[in-house]
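Peer 1: Heads up: the protein sequence lines correspond to chains A and B, in order. Be aware that the first sequence starts at 15, since it is given in this note's numbering, and climbs by one per residue. Be aware that the second sequence starts at -16, since it is given in this note's numbering, and climbs by one per residue.
Calculated cross-link-like contacts (lysine-lysine; reagent style DSS-like; alpha-carbon spacing at most 30 Å):
id: 1; chain 1: B; residue 1: K1; chain 2: B; residue 2: K36
id: 2; chain 1: A; residue 1: K17; chain 2: B; residue 2: K40
id: 3; chain 1: B; residue 1: K(-14); chain 2: B; residue 2: K40
id: 4; chain 1: B; residue 1: K53; chain 2: B; residue 2: K38
id: 5; chain 1: A; residue 1: K83; chain 2: A; residue 2: K66
id: 6; chain 1: B; residue 1: K38; chain 2: A; residue 2: K17
No lab work stands behind these hints, which were simulated from the structure alone.
Given next are the chains, with one letter for each unit.
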Amino acid sequence: DAKTTQPTSMDCAEGRAANLPCNHSTISGNEYVYWYRQIHSQGPQYIIHGLKNNETNEMASLIITEDRKSSTLILPHATLRDTAVYYCIVRGGSNFGNEKLTFGTGTRLTIIP
Amino acid sequence: DVKVTQSSRYLVKRTGEKVFLECVQDMDHENMFWYRQDPGLGLRLIYFSYDVKMKEKGDIPEGYSVSREKKERFSLILESASTNQTSMYLCASSSQGARGSYEQYFGPGTRLTVT
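One chain only, chain A, in its complex shape:
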């Protein structure tokens, strides 16, 4: 699976949009971009994933550049409960025998009141 690079930490004001970048310049054609987050003392939580089109769900939006070498997770109206470590993961959409997710160190997002 391709390696990802994320900033170590970010702050965002409550009510503003939080934009979390991720670089994955070695991504290959069949690899998906996944985002998870981990709130303190809890297990990671799936947020969203995409291949090449932008995606949106009730939690967030995912913008993937045309060359797919980077992406941005957008939390449109950040709340204090969005304070967490956010992980960007790239993995292939292959068969069940390759299910491993490789979590890096992620971005620690702090929402400021």
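Start from chain A and add chain B according to the hints.
Peer 2: Then chain B, alone, in the frame of chain A:
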């Protein structure tokens, strides 16, 4: 909603004890996973299973074994606990769904301390 539960949130064991960590999921998922999480090292995969009685080693299987006798339950066993196995243990499950949609659902974690 998918629910993954783990038998304990906190556990303290002595060196040399046999330790069982239990994980149960209620969504009929085929795949189940055990990770450990340590500061600065992220999540590391210990074992996973894609079917009953099937198991595959992850990145750090040494000192651990697993059991999957029923689809909903995946157990992690520390045969002889050691202090370097003090960690947060996370269980996850996922379905063998459409291509690319293998999101994993995690339990709350078990913080194990071995003294």
